[in-house]
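Those protein sequence lines, which keep their order, are chains F and A.
Per my numbering, residue 2 is the first one in the first sequence, and the count goes up by one each step.
Per my numbering, residue 958 is the first one in the second sequence, and the count goes up by one each step.
Be a bit skeptical, because a hint or two may be false.
Said to hold, decoys possible - No farther apart than 25 Å at their CA atoms in a straight line, the calculated lysine-lysine pairs in the PhoX-like style are these:
no., chain 1, residue 1, chain 2, residue 2
1, F, Lys131, A, Lys1221
2, F, Lys264, F, Lys246
3, A, Lys1094, F, Lys74
4, A, Lys1044, A, Lys1085
5, F, Lys102, A, Lys1244
6, F, Lys264, F, Lys239
7, F, Lys216, F, Lys28
8, F, Lys239, F, Lys335
9, F, Lys152, F, Lys102
10, F, Lys74, A, Lys1221
11, F, Lys131, A, Lys1244
12, A, Lys1090, F, Lys133
13, F, Lys152, F, Lys105
14, A, Lys1244, F, Lys108
15, F, Lys179, F, Lys154
16, F, Lys246, F, Lys319
17, A, Lys1244, F, Lys74
18, F, Lys360, F, Lys216
19, A, Lys1067, F, Lys152
20, F, Lys102, F, Lys154
21, F, Lys133, A, Lys1221
22, F, Lys335, F, Lys360
23, A, Lys1054, A, Lys1090
24, A, Lys1244, F, Lys105
25, F, Lys335, F, Lys302
26, A, Lys1094, A, Lys1083
Claimed, not checked - Not close to chain A: a few residues of chain F, all C-beta gaps over 12 Å, as computed:
no., residue
27, Asp55
28, Gln83
29, Ser84
30, Glu104
31, Ser107
32, Gln139
33, Thr150
34, Met173
35, Leu184
36, Gly236
37, Ser275
38, Thr290
Treat the hints as calculated values from the structure; they're not laboratory data.
Built from N, CA and C at the ideal position, the CB exists for glycine as well.
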Amino acid sequence: MADIKIDTVNKYYGDVHVIKDVSLDIKSQSFTVLVGPSGCGKSTMLRMIAGLEDIHSGTISIDGQVVNDLPPKQRNIAMVFQSYALYPHMTVFDNMAFGLKLEKRSKDEINDRVQEAARILQIEDYLHRKPKQLSGGQRQRVAIGRAITRKPKVFLFDEPLSNLDAALRVQMRVELAKLHDQLNATMIYVTHDQTEAMTLANDIVVLDEGIVSQKGSPMDLYNDPNNLFVGGFIGSPKMNFISTKITSKSSDKTEVDLMGSSKISIPKTSASASEGDEVQLGIRPEHLTVNAESDGSWESKVFVVEKLGSGTFLYLEKEGEPLVVETEGDSNIKVGDTVKVGFSASRCHLFDSSQQAFK
Amino acid sequence: MRKLSLTSILSQLLLLIFVIIWIIPTFGLFISSLRDKDLLSISGWWTSLTTTEINEIHRMLGMEYQIQENNYYIIKGSIFEGNTGKKITSFGITSKKINEFSLGEIATFKDNSEVTIDENGNYVWKSKTEFTKKKGKRLFTTSLSPPSFTFDNYKEVLFKEGIGRAFINTLAVALPSTLIPLIICSFFAYALTWMKFFGRDTLLALIIASLVVPLQMSLIPILTIYNDFGALFGVAAKSYPGVWMAHTGFGLASTTFLLRNFLKSLPNEMMEAAKVDGASHYDIFLKIILPLSIPAFASIFILQFLWCWNDLLVGLVFLDQVPSEIILTAKLKELLGSRGENWEILTTGAFVSMTVPLFIFFALQRYFIRGLVSGSVKG
């Protein structure tokens, strides 16, 4: 249907280089999430695909056609904005029919399409209301409905859920996933929320300061981050990082110092690393276990205990480095207790001084 | 319940004072314009609801009205024309003692003729000898006049003094002078806000800079240029198109600036959504900007219309002071010179000139407030 090919695209705002030689292949009917911290260029990327921003060099093609110089309406796209961007003086129906009316479609067709979109989004009852009479979630549905009615090849979402409250966000997230299955359209979704990225995406593209840090399926990114940035960005709570040194190295294993107490051998290696190098040991909170026999372990004092019901977060400190541990269910560990946390070597990540991951 | 603090009481008080200061002269003008012109000339509008004491001089009828009755020559008449409601309380026959006699008393002139008068102003003047003068003698009366309101002043001002014509002339000046810049500035402000083109910011800076050029300074050069160009096309030196163009020119900068500030407050994402929906600039302008800008248009309309309506200077410079072209303010100024004594004409004329601004303001005021504060609160 609609592959999107982005080839060495650059973008400047004045002297600021915001998108640096970005190349991406987005497969037809995939759900691709552009994710990254604010200012990483993800929204700019989306707006360039939409045709709302100029491209300084490189090409963007949709379905094999270079669209660099096409206005948005000729790119066969629809976009959903963070602030919904509904037309406040029009009813929901007119909002959704606006694009179709501009295309000079027949009245019956407009009516059919709007009704269909309203049915999919369950907003049939609100069609004759004005946007200001709707709640945030309803407005967002209308904004999505406005995109659906035009039957575009590509849907672009610019942080569509970030104006909603937490409960509604979860609900809309599920509905967006359903919608993608229903419509079978190519969707590109921008968010800074890694949970949204993990749950919705077929492919996640992590952007960092205008560069694609890593692209892959959510579980690839989770299990196998390319670099420190992706490791830290994907997963919640954040991956723990501990500065340490390589004590010895073989072709498939790297042994690092565990803060003097012991050593651990991690089944990952890097060609550029050598003995004595400073490295970051990364381990996710959910891979740390309390009082269990394992490949490596620390003893440490608990500073904060956060009970969520389904799990408990323990905030520890080990020689100045903060350490978060996620345990299942309720825990009787109290603030001030000293606990022993263990972890398995295969769950560890190593990042060298240029922040690249050991593989 | 709002807390009553000293500041809020003070500000409420101040507001009240301002309101009173603004309302009272307007109210006075309105009352005055409705009062009888004789009453208006001797007492203030605040006495209009009480009876007023009036001293008047009347001349009685002359010899041709005399009739003979029981050896007396009698002249009967009334000093009031029609029923004015005035009640005479005393009268006199010499200017030194104007209320020498009370009602019912007989006043005797030097020639032994006698006069009596009742409270409605009917007098009986009788003499044993024949009246021989064409003019009657003077009668000084003091009477109480009840409150009296009338539309006569309006009738006179609108149809006899030419204010009616001037009113229409002013409309003919003010309406195009408001609508033309409004139409131009709406397109202009849209382009300045939502279109990217070379020199846009410079243009905006120029517009803001032109706001500080005083009208009085550029008036004469513009008139000269207009006349030179007009001569090329055979257009009269002073005519309506000239004044329209002048008002358009002087108003365009401020209207554009105000409207641009409003448009700037509309969310950018909405325009982008429309662009993605396939709308051209023209579509966006007509289908999204225009309906959303009605409050802004209304407030700019009020400002520009009131400016043109109340303007005297531009109208004086760009129009001839002939009945077909003179505007209301110029006409009032002219009346002030020629009929300065006739308060009833001036107050009525002034009030006529105020009716349109008052009407416009009350009709559009809800937009006026919204337009001025729009953008300050998130909708």
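Now for the hints, and whether the structure bears them out:
1. Lys131/F to Lys1221/A: Distance ~23 Å between Lys131/F and Lys1221/A Cα, so the pair holds.
2. Lys264/F to Lys246/F: This hinted pair holds, its Cα atoms lying about 10 Å apart.
3. Lys1094/A to Lys74/F: 96 Å, violated
4. Lys1044/A to Lys1085/A: 29 Å, violated
5. Lys102/F to Lys1244/A: 11 Å, holds
6. Lys264/F to Lys239/F: Holds: Lys264/F and Lys239/F sit about 24 Å apart, inside 25 Å.
7. Lys216/F to Lys28/F: Distance ~13 Å between Lys216/F and Lys28/F Cα, so the pair holds.
8. Lys239/F to Lys335/F: Given pair Lys239/F, Lys335/F holds - Cα atoms ~22 Å apart, limit 25 Å.
9. Lys152/F to Lys102/F: 14 Å, holds
10. Lys74/F to Lys1221/A: The hint holds at about 23 Å.
11. Lys131/F to Lys1244/A: The given pair, whose Cα atoms are some 16 Å apart, holds under the 25 Å limit.
12. Lys1090/A to Lys133/F: 88 Å, violated
13. Lys152/F to Lys105/F: This hinted pair holds, its Cα atoms lying about 15 Å apart.
14. Lys1244/A to Lys108/F: 18 Å, holds
15. Lys179/F to Lys154/F: Distance of about 17 Å is within 25 Å: holds.
16. Lys246/F to Lys319/F: Within the cut-off at roughly 16 Å; holds.
17. Lys1244/A to Lys74/F: 17 Å, holds
18. Lys360/F to Lys216/F: 16 Å, holds
19. Lys1067/A to Lys152/F: Violated - the C-alpha atoms of Lys152/F and Lys1067/A are around 111 Å apart, more than 25 Å.
20. Lys102/F to Lys154/F: 19 Å, holds
21. Lys133/F to Lys1221/A: 20 Å, holds
22. Lys335/F to Lys360/F: Distance ~37 Å between Lys335/F and Lys360/F Cα, so the pair is violated.
23. Lys1054/A to Lys1090/A: 23 Å, holds
24. Lys1244/A to Lys105/F: 14 Å, holds
25. Lys335/F to Lys302/F: The given pair, whose Cα atoms are some 10 Å apart, holds under the 25 Å limit.
26. Lys1094/A to Lys1083/A: Holds - the C-alpha atoms of Lys1083/A and Lys1094/A are around 12 Å apart, at most 25 Å.
27. Asp55: Per Cβ check, Asp55/F is inside 12 Å of chain A; nearest 10 Å; violated.
28. Gln83: The assertion about Gln83/F is violated, with a minimum of 7 Å to chain A.
29. Ser84: 5 Å, violated
30. Glu104: It is violated; Glu104/F is separated from chain A by about 6 Å at its closest Cβ, not greater than 12 Å.
31. Ser107: Non-interface label stands for Ser107/F: nearest chain A Cβ at 16 Å, farther than 12 Å.
32. Gln139: 16 Å, holds
33. Thr150: Its Cβ does come within 12 Å of chain A, the nearest being 10 Å, so this is violated.
34. Met173: 18 Å, holds
35. Leu184: Holds: least Cβ distance 17 Å, greater than 12 Å.
36. Gly236: Answer for Gly236/F: holds, closest chain A Cβ roughly 31 Å.
37. Ser275: It holds; Ser275/F is separated from chain A by about 52 Å at its closest Cβ, greater than 12 Å.
38. Thr290: 47 Å, holds
Figure legend: structure checked against the earlier numbered hints; hints not met, in rising order: 3, 4, 12, 19, 22, 27, 28, 29, 30 and 33.
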